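Trainee: If you're matching them up, the sequences are chains A and V in order. Residue numbers for the first sequence follow my numbering, beginning at 1 and rising by one. Residue numbers for the second sequence follow my numbering, beginning at 1001 and rising by one.
Hints listed in this document are in silico derivations from the structure and should not be mistaken for laboratory results. Mixed in with the good hints there might be a few duds.
Claimed, not checked - Part of the chain A face toward chain V, derived, beta carbon under 7 angstroms: (1) E29; (2) H34; (3) V60; (4) K62; (5) D109.
As the list claims (entries may be wrong) - The calculated lysine-lysine pairs, modelled on DSSO-like cross-linking and capped at a C-alpha distance of 27 angstroms, are: (6) K1111(V) / K1131(V); (7) K107(A) / K1131(V); (8) K36(A) / K1248(V); (9) K110(A) / K62(A).
Just so we're clear, the structure is a prediction, and the values are computed from it rather than from any experiment. Virtual Cβ for every residue (Gly too), placed ideally from N, Cα, C.
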Amino acid sequence: MSTVTRTGSITFDALSSSRRPGRGRRLVERNLLHYKVHWTIIVSGFFEPLFYLLSIGVGVGKLVGPVVGAHGEQLTYRTFVAPALLASSAFNGALYDSTMNVFFKLKHDKLYDAVLATPMRVRDVAVGEITWALIRGLIYAVAFLIVMGCMGLFESWWAVLALPACTLIGFAFAATGMAATSYMRTFEDFEFITMTQLVLFLFSATFYPLSVYPRWMQVVVECSPLYHGVHLVRSLVLGDIGPDLLLDALYLAVLGLIGLTIANRRLALLLTP
Amino acid sequence: MADPLIEARALTKRFGDFVAVAGIDVTVRPGEAFGFLGPNGAGKSSTMRMIGCTSPRSGGELRILGLDPDTHGAQIRSRLGVVPQDDTLDNELTVFDNLLIYGRYFDLSRKVARQRAEELLDFAQLSDRAKARVQTLSGGMKRRLTIARALINEPQVLLLDEPTTGLDPQARHVLWDRLYRLKQQGVTLVLTTHYMDEAEQLCDRLVVMDKGRIAAEGTPLQLIAEHSSREVVELRFAPDRNEVMADKVADLAERIEVLPDRVLLYADDGDAVAETVSQRGLRPETVLVRRSTLEDVFLRLTGRTLVD
């Protein structure tokens, strides 16, 4: 028998055999088993964007005059804010299960060690958890869309596409969240993620138009990820359709793919040493 | 002889500069109960993880069920059952759902997974706890559930890493009984342990591992016959006196070991040695004559005790 010597672990089977059908859905099934019992955890997450809509959109909106849209049209403040909160609901929803919960399963419960003793592979873990996290984001998006419908906050039939747009947002941030989580060493490190999440939520042209910022800030915001999600969803809901929306979608898709790749590699290093 | 289920040649595992497994040769045949005996840090768990296809080897050859883990890991894992050293149960799910979802990871249909989960709960004596959360189980129950989980795919080989570490004596005996039944059913068992009684109870054949190498290989009886005398006399003198007293009895035995708390005299007739010690008027605080065990083999081979 010949003797082989290997250096890295990246090329290990758990990662490399990428052409076989994935078992990521099994982890989605696992999470459904969990939330079937603990569904209240999911329900509470729905109220956050709703309360923002009622307090800021409706409440503060009474003090704020109309906002000028992209084509000079006059919009009520709640009509302007609602689509951004829709995008944020998918954003926040996707981060719930891709950050702290993944960390807990990874470091504390050693759940993935058990999963990888089966035919499941590292890639299945990454894809499965990211898929579940984006589904959770999507659940909030759908619930919020229904609320928006009831409040008559749609300006265009293009709003139908807000749902696939929210799926992209969910994918982009679930994957990024999981990639970032793979670098976390302790629960304290999550302050970094929580802080980033808050900054993105507040400053991505969520509550006021980009034009409020000085030019250099506009450039910074235009480069940041949630801005593209907000811009995409808001444009669809308001019916401001243009080629720039494709750029938003592309940005989010690429971000998601990069996140997935990093999460995959990092998990392989951590779980199959 | 049937083809080996596990075959390792010069199997090596390195973590950076640290060599955890330094080139071992192992062959496990169908139906055997095979053990890796050694202290913590001997390289047992690293070896088990390589066999379990969750850690790539750094060098050497490894075939499990005739396949290479580097290229057929998922396929091999589908026919293995793994009981890891730490319980890695799913704390967010019930006892029953732990088994159910594990079956699903192996692509069992829901129906089959449910059916097996019920059978295995019975086997693990946990049927009345089916709906309980995992956290509410005792250590012994968790261990039995982990073993039940490892059997959900009806594995050909069951890998057990320190199966009874941390359990009380009664829980250990229940577990040994379950493992013995599996062996009777033809399941190949591969286990690591640092308990010599466990190795003697369960293993047909074992290797003694130390510092990443195999120090000896054989059946428990062979190993004892080759590396130790038939009997051992344990003398316990007052603290700090063991070293001095050892000189006065050294001529009575084939071999002598001085441990911090006792002196071990290796001889074929232990009673005769004990008698002579008494005639010499040495008055140790306690005298124990016993048969040689794997612990003595390990001491002989490595100069150290198994559990420190």
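Trainee: All the hints need checking, so say for each whether the structure fits it.
Mentor: Tested hints:
1. E29: Interface hint status for E29(A): holds (6 angstroms vs cutoff 7 angstroms).
2. H34: Interface hint status for H34(A): holds (5 angstroms vs cutoff 7 angstroms).
3. V60: Interface hint status for V60(A): violated (39 angstroms vs cutoff 7 angstroms).
4. K62: Since chain V brings no Cβ nearer than about 43 angstroms to K62(A), farther than 7 angstroms, the hint is violated.
5. D109: It holds, given that the least Cβ distance between D109(A) and chain V is near 5 angstroms, below 7 angstroms.
6. K1111(V) / K1131(V): Between K1111(V) and K1131(V) the Cα gap is close to 18 angstroms, so the pair holds against 27 angstroms.
7. K107(A) / K1131(V): holds, 25 angstroms
8. K36(A) / K1248(V): Violated, at about 73 angstroms.
9. K110(A) / K62(A): violated, 50 angstroms
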